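Q: Protein sequence lines correspond, in order, to chains A and B. Sequential numbering from 1 applies to the first sequence in this note's numbering. Sequential numbering from 1 applies to the second sequence in this note's numbering.
The set of hints was computed from the structure by calculation and includes no laboratory data. Quick caveat, the model's predicted, so the values are computed rather than measured. Each statement offered as a hint is correct.
Label pairs and their calculated CB-CB ranges:
| hint | chain 1 | residue 1 | chain 2 | residue 2 | range |
| --- | --- | --- | --- | --- | --- |
| 1 | A | Leu31 | B | Arg27 | 47 to 57 angstroms |
| 2 | B | Gly154 | A | Ala460 | 31 to 41 angstroms |
| 3 | B | Glu105 | A | Gly38 | 50 to 60 angstroms |
| 4 | B | Gly154 | A | Leu31 | 51 to 61 angstroms |
We put the CB at the ideal spot given by N, CA and C, even for glycine.
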Amino acid sequence: MTFSAADLFLVLPELLVVMAACIVFVLDPVLRASDKDGLVWLSLGTLAVCMGLTASHIQAPATIFSGLVVIDAYGAFWKLLLYFVTGLTILLSHSYLKEEQLYFGEYYGFVLLSLSGMMVMVSSADLLTLYLGTELMSLSLYVMAGLKRSEPRSLEASAKYFVLGAFSSGILLYGISLLYGATGSTRLPEIAAAISGRNLDDPLLLFATILLTVGFGFKLAVVPFHMWTPDVYQGAPTSVTAFMAVASKAASFGAFLRVFMEGLGGLKANWSAMFLLLCLATLILGNVLALVQTNVKRMLAYSSIAHAGYALIGVVATGHMENSSGIASVLLYLTLYAFMTFGAFAIVAMLRKGGIEGVDIEDFTGLAKRHPVAALLMLIFMVSLAGIPPTAGFIGKLYVFMSAVEAGLPWLAAVALIFAVISAYYYLRLVMVMYMREPSDLSSTSPRMVMSPALSIVLACAVAGVVIFGIYPNPLVNFAMHAVSALK
Amino acid sequence: MSGFPWLTLLVVLPLVGAIAVFAVKERSIKVTALAVATADLLISLPLWWLFDASSGEMQFMESARWIPSLSINYRLGLDGISLPLVLMTTVLMPLCILISWHSIEIRMRSFMAMLLIMESAMIGVFTALDFVLFYVFWEAMLIPMYLLIGIWGGPNRLYAAIKFLLYTLAGSVLLLVAILVLYFQGGHTFDIVQLSQGTYSNSLQFWLFLAFFAAFAVKVPMFPFHTWLPDAHVEAPTAGSVILASVLLKMGTYGFLRFSLPMLPDASQAFTPVMVALSIIAIIYGAYMALAQSDLKKLIAYSSVSHMGFVTLGLFMFNIQGIEGAVMQMVNHGITTGGLFLCVGMIYERTHSRQIADNTGLTKPMPRYATFLVIFSLSSLGLPGTNSFVGEFMVLAGAFLWSKIATALALLGIILAAAYLLWMVQRVAFGVPHPHMLPKLRDVNLREMITVVPLVVLIFVIGIFPNPILTRMHPSVEKVIARVFPPAAEHASAMRQADPFSPTVERITSPTGPAFGQGAQVSPEGQPQ
Chain A
1 MTFSAADLFL VLPELLVVMA ACIVFVLDPV LRASDKDGLV WLSLGTLAVC
51 MGLTASHIQA PATIFSGLVV IDAYGAFWKL LLYFVTGLTI LLSHSYLKEE
101 QLYFGEYYGF VLLSLSGMMV MVSSADLLTL YLGTELMSLS LYVMAGLKRS
151 EPRSLEASAK YFVLGAFSSG ILLYGISLLY GATGSTRLPE IAAAISGRNL
201 DDPLLLFATI LLTVGFGFKL AVVPFHMWTP DVYQGAPTSV TAFMAVASKA
251 ASFGAFLRVF MEGLGGLKAN WSAMFLLLCL ATLILGNVLA LVQTNVKRML
301 AYSSIAHAGY ALIGVVATGH MENSSGIASV LLYLTLYAFM TFGAFAIVAM
351 LRKGGIEGVD IEDFTGLAKR HPVAALLMLI FMVSLAGIPP TAGFIGKLYV
401 FMSAVEAGLP WLAAVALIFA VISAYYYLRL VMVMYMREPS DLSSTSPRMV
451 MSPALSIVLA CAVAGVVIFG IYPNPLVNFA MHAVSALK
Chain B
1 MSGFPWLTLL VVLPLVGAIA VFAVKERSIK VTALAVATAD LLISLPLWWL
51 FDASSGEMQF MESARWIPSL SINYRLGLDG ISLPLVLMTT VLMPLCILIS
101 WHSIEIRMRS FMAMLLIMES AMIGVFTALD FVLFYVFWEA MLIPMYLLIG
151 IWGGPNRLYA AIKFLLYTLA GSVLLLVAIL VLYFQGGHTF DIVQLSQGTY
201 SNSLQFWLFL AFFAAFAVKV PMFPFHTWLP DAHVEAPTAG SVILASVLLK
251 MGTYGFLRFS LPMLPDASQA FTPVMVALSI IAIIYGAYMA LAQSDLKKLI
301 AYSSVSHMGF VTLGLFMFNI QGIEGAVMQM VNHGITTGGL FLCVGMIYER
351 THSRQIADNT GLTKPMPRYA TFLVIFSLSS LGLPGTNSFV GEFMVLAGAF
401 LWSKIATALA LLGIILAAAY LLWMVQRVAF GVPHPHMLPK LRDVNLREMI
451 TVVPLVVLIF VIGIFPNPIL TRMHPSVEKV IARVFPPAAE HASAMRQADP
501 FSPTVERITS PTGPAFGQGA QVSPEGQPQ
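Excised from the complex, chain A in its bound form (with noise of 0.2 angstroms):
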């Protein structure tokens, strides 16, 4: 293998990353805790800088390192994203550490390494590649999910990440290992040349088209693979779980569309069948299931489930036809779900009730009296995510039914719809009791919000996508054709 410095120039935004890790790891024990803020800018400082040189890569598609990463506009969209929702983490972490107790300066070294294997997972174009790409981030997030140690039920999600982590890495790898089989390869131009001669019914191909799906349906929390989920994100901090929630998830549709659509593309009819399946499954029993959450965190985890279906809805819809205005709805949607879904954790991190989270829905009650502000900002997140317009969350949806239409799936588009119509129950729950409900009393046990600056930017950036978006959502379809007309 031979690279050349021209190749190191094309991924410097991955090695700043690391280093920017490499160098909190090694600050943090030195620093005194006054200075620990340095941290948080140095990180921050690292993305803004990562941000300029990602959007300058946009237009030259470049394979590097024999092969093994390409830069492309498909990418660089991911890549955006996840810089945009890790800024957010960061802000949001910076004040509900320290409300936690939990001020570890390594959490943001950690929250940068899970970043850079994100990244590395969007730009690979090798299935080992992917893998290493695959262990970098959830390693990391193993570790964040067990970061409040006094708690069992971290400790209990961090444990049970890592076991179906390790599990569904192991299946994954299984897979890579039966398409080598198959096709001599691992890089996915070479796979999909060796695929397109071959008869679709080779079971090795087959097998080996399940095991991949099998191992992506863990890491994107798609029904039957989502067991994990809800004791993870209820479990794990909830700056954590809004960064799980959010940028590994697109990481991995990102990792795993780039993977079926180069790699696997001549398989279509055969995924798009199981997809199909699988998003029903995840549609019905995401919404299904989260109609009866009493804790947010929870409620909101299914709403992650039931939403990772609808962006499958493209994916199902791309196997129906020629162009792929399905997989650019995919981006369009994760995208938009990225900034309500970061939104209403956010809010959930700042609820407090005498000095522990208040994550139950009646700590909601009466919200909108003691703090409207808030109470608004999680209205909108909410009306978002059930996709009633016009919020960000009604373009997602609008574009990934439309794709569904056109591939002749008017019947999906029904039916998950009427799954919104659900969904619209349990999201507006929560804005009843914030809007309807009297708060019991105004003692000191009540719940109250924190606020801090780096709160109310991460608030602003949030609900200002939303309504943006869902009014003047142009740009951001456009780029999101630009990226996925880059995928081969």
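Once you've looked at the hints, dock chain B against the given chain A.
A: Same frame as chain A, but now just chain B:
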């Protein structure tokens, strides 16, 4: 498009107002909201005269690219069908704000903001010419209405609010699928005007009609889908009830007229017997239920079900009398029922009861109030000289051409309406007042006079001179009919040119029989495209 952006201004101004009420001082909230709503009314009034009554085309068109990558555009326009509805909305909104002056005790800021957002969305629905834009406006009013009922409503408000939301949301999701299917079948466009000119296969029309039906029938509400309405009406604050009854319900019938009829003419014909049957059931059932109510708001709510039955009945007659009568009836019901709800709101403010039994004998202590109540009630039961008479008469005349039995059954609704309204008036206006209520029964004050007098004026103006409205809607309605029955409409058009200003009644009784008779003969067989 060139010209002054009247419609954008109409839609945007209330939105700006909704933001403005959050910026002003506590004591000027109401004044600001009222000023915005009044300004919107003043902006909408010139449209009445600027509107070219001789054209059935869309006017005041505005068009801008919105999401070009998905061929979604921002397009607004107004024709003879939407013009009266837009004006009805802008007239009612200041009244809704006035009636809420003292009755809203908590969160006045948010309340006014919700009302103004509703106004914006409602005008948007009536003027949108892009299907996605229409859908955005259509759904955008769900949340404000949900909050209006849920925050400021009566004791059972939580149940009513979520029921309203889920019902209407469930109805409209299929509409979205239908819109998308139409997009791909109708030449990759969301342009309503263009989609209304396309032809679609019979089976496609069948499915689309069902999807449209789900959305519009819930909103109207037609008979089996009406159960959200009594709950929502009763629990909503007065302004919410007025908006629900006067404007929101019209969106359903407007949807039928704007989309189902012109886009799916064959399916509309095929479904006519079903629609007529449901309409007649709604007319009789609604009236029958109204007879049994002891709660004033519930009585009016059920009377709405009954009156909206006349509208859907008229729409599916596919003749000029039926459809024009239906549009008239939409406006009339908005004015009359809005007025009745305002009256109930006023008495509730005084006695804190909506029960008929608690509010009896109001003529003595509140003579002005009783006068208004009687006027609105008489208008609601269709007394000649009031607005509803014109609409109901035209609908029935249209129905007569289609089926005499249907007309006879629908007439039962009018008789029952007279029964439940007069009985209500008899008890409320002329009974014996409760002694302990007497001190609370102040008569209508100046603000309340201002709230109801415009509606009273409109009742008589439309009742006596309906022609300005009819002439404005005539070409647009003919266009719709031309989509369903091309030859019959040609004939009607020729009739109209011969005598464009003939009074309504003359036009109905004039020998248009053959033309419409032809329509009546054809409809059962389902004329092929």
